[in-house]
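In this note's numbering, the protein residues as written are 1096 to 1180.
Keep in mind the hints are simulated off the structure, nothing from the lab.
Glycine residues also receive a C-beta, built at the ideal position from the N, C-alpha and C atoms.
Treat each hint with caution, since some may be false.
[What the hints assert, rightly or not] Derived Cβ-Cβ restraints for the label pairs, each shown as a range:
#1 1168 <-> 1098: 44 to 50 Å
#2 1165 <-> 1117: 28 to 34 Å
#3 1137 <-> 1171: 27 to 33 Å
#4 1098 <-> 1129: 25 to 31 Å
#5 1176 <-> 1109: 37 to 43 Å
#6 1098 <-> 1136: 20 to 26 Å
#7 1155 <-> 1132: 26 to 32 Å
#8 1130 <-> 1098: 17 to 23 Å
#9 1170 <-> 1111: 22 to 28 Å
#10 1123 <-> 1147: 34 to 40 Å
#11 1108 <-> 1175: 17 to 23 Å
#12 1110 <-> 1169: 25 to 31 Å
#13 1157 <-> 1130: 29 to 35 Å
#14 1134 <-> 1176: 26 to 32 Å
[Unchecked claim] In silico DSS-like links for lysine-lysine, alpha-carbon gap of 30 Å or less:
#15 1164 <-> 1109
#16 1145 <-> 1164
#17 1109 <-> 1145
#18 1123 <-> 1145
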Amino acid sequence: MDTVAGSMHQRSLKNGTLYADLALLDPKNFSQVPSYGDSFPEAALQELSKCLLPFDVRATVAELQSELKSLARQWDRLKASVFEE
């Protein structure tokens, strides 16, 4: 059991930056996005961008940050329109 726990811990340490990037995409965290203003923390969305770039060359850090800001600003309206239908 200790081996399993240790292995899981090692994997979470290795992918911690990616997990942090993915956490930014959770709508529960959208309220934090406007507080970043024009600049996200330096490492924000870098790991996610590395994973996506082989599939889409437009998935740069700057583009992901811009899209996330836009989505966060519009989220309440988008969410409301889905529930109204």
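Holds or violated: 25 to 31 Å for the Cβ distance of residue 1110 and residue 1169?
-> 29 Å, holds
Does the Cβ pair residue 1176, residue 1109 satisfy 37 to 43 Å?
-> About 39 Å separates the Cβ atoms of residue 1176 and residue 1109, which means 37 to 43 Å holds.
Given the hint that residue 1145 pairs with residue 1164, does the C-alpha gap stay at or below 30 Å?
-> Status holds; Cα separation ~19 Å.
Is the gap between the beta carbons of residue 1098 and residue 1129 within 25 to 31 Å?
-> 44 Å, violated
Measuring from beta carbon to beta carbon, are residue 1130 and residue 1098 in 17 to 23 Å?
-> Since the Cβ atoms of residue 1130 and residue 1098 sit about 41 Å apart, the hinted range of 17 to 23 Å is violated.
Starting from the hint 34 to 40 Å, judge whether the C-beta atoms of residue 1123 and residue 1147 obey it.
-> 22 Å, violated
Given a hinted range of 26 to 32 Å, is it respected by the beta-carbon distance of residue 1155 and residue 1132?
-> Since the Cβ atoms of residue 1155 and residue 1132 sit about 19 Å apart, the hinted range of 26 to 32 Å is violated.
Could one say that the CB atoms of residue 1098 and residue 1136 fall in the range 20 to 26 Å?
-> 34 Å, violated
Given the range 22 to 28 Å, decide if the beta-carbon distance of residue 1170 to residue 1111 lies inside it.
-> 25 Å, holds
In this structure, is the beta-carbon distance linking residue 1137 and residue 1171 contained in 27 to 33 Å?
-> 28 Å, holds
Between residue 1164 and residue 1109, is the straight-line Cα distance small enough, at 30 Å or below?
-> The given pair, whose Cα atoms are some 27 Å apart, holds under the 30 Å limit.
Does the Cβ pair residue 1165, residue 1117 satisfy 28 to 34 Å?
-> 18 Å, violated
Violated hints for the displayed structure, listed by number in ascending order: 2, 4, 6, 7, 8, 10, 11, 13.
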